[in-house]
Amino acid sequence: MQSSQINESMLMNSLKIEQWLQEMTISVHFLVEFINTLYDLLIP
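With the sequence shown counted from 1, adding 146 to any position gets you this note's numbering.
Please note that a few of the clues may not be correct.
[To be verified] Computed spacing ranges between beta-carbons, pair by pair:
(1) ILE181 - ASN159: 28 to 38 Å
(2) LEU188 - GLU164: 29 to 39 Å
(3) PHE180 - LEU157: 47 to 57 Å
(4) LEU187 - GLN151: 39 to 49 Å
(5) THR183 - GLU154: 42 to 52 Å
(6) TYR185 - ILE152: 42 to 52 Å
(7) GLU179 - ASN159: 24 to 34 Å
(8) ILE152 - ASP186: 48 to 58 Å
(9) LYS162 - TYR185: 27 to 37 Å
(10) SER150 - LEU188: 48 to 58 Å
(11) PHE180 - SER155: 49 to 59 Å
Because the hints were derived from the structure by calculation, they are not lab data.
Heads up, the beta-carbon is just placed ideally off N, CA and C, and yes, glycines get one too.
Put together the whole structure using the sequences plus the hints.
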């Protein structure tokens with residue numbers, strides 16, 4: 147009983163981490179796009 151609860155919480159944590167990583171990846175992607183656009187504007 148105890149070990150299955152621990153496994154379940156670990157699974158939930160890894161899912162949260164995965165979701166967080168996906169969000170971070172999306173944010174970084176947008177940031178890179180934004181910086182690229184800025185460079186294009188600043189450097190003709």
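Going through the hints against the structure:
1. ILE181 - ASN159: 28 to 38 Å: Given a distance of about 32 Å, which is inside 28 to 38 Å, the answer is holds.
2. LEU188 - GLU164: 29 to 39 Å: 36 Å, holds
3. PHE180 - LEU157: 47 to 57 Å: This hint is violated: roughly 35 Å between Cβ atoms.
4. LEU187 - GLN151: 39 to 49 Å: About 54 Å separates the Cβ atoms of LEU187 and GLN151, which means 39 to 49 Å is violated.
5. THR183 - GLU154: 42 to 52 Å: Holds, since THR183 and GLU154 (Cβ atoms, about 44 Å apart) stay within the stated range.
6. TYR185 - ILE152: 42 to 52 Å: 49 Å, holds
7. GLU179 - ASN159: 24 to 34 Å: 31 Å, holds
8. ILE152 - ASP186: 48 to 58 Å: Given range 48 to 58 Å: holds, Cβ gap about 51 Å.
9. LYS162 - TYR185: 27 to 37 Å: The hinted range 27 to 37 Å holds for LYS162 and TYR185, with Cβ atoms some 35 Å apart.
10. SER150 - LEU188: 48 to 58 Å: 57 Å, holds
11. PHE180 - SER155: 49 to 59 Å: Given about 37 Å between the Cβ atoms, the range is violated.
In the structure shown, a violation is registered for the earlier hints numbered 3, 4, 11, in ascending order.
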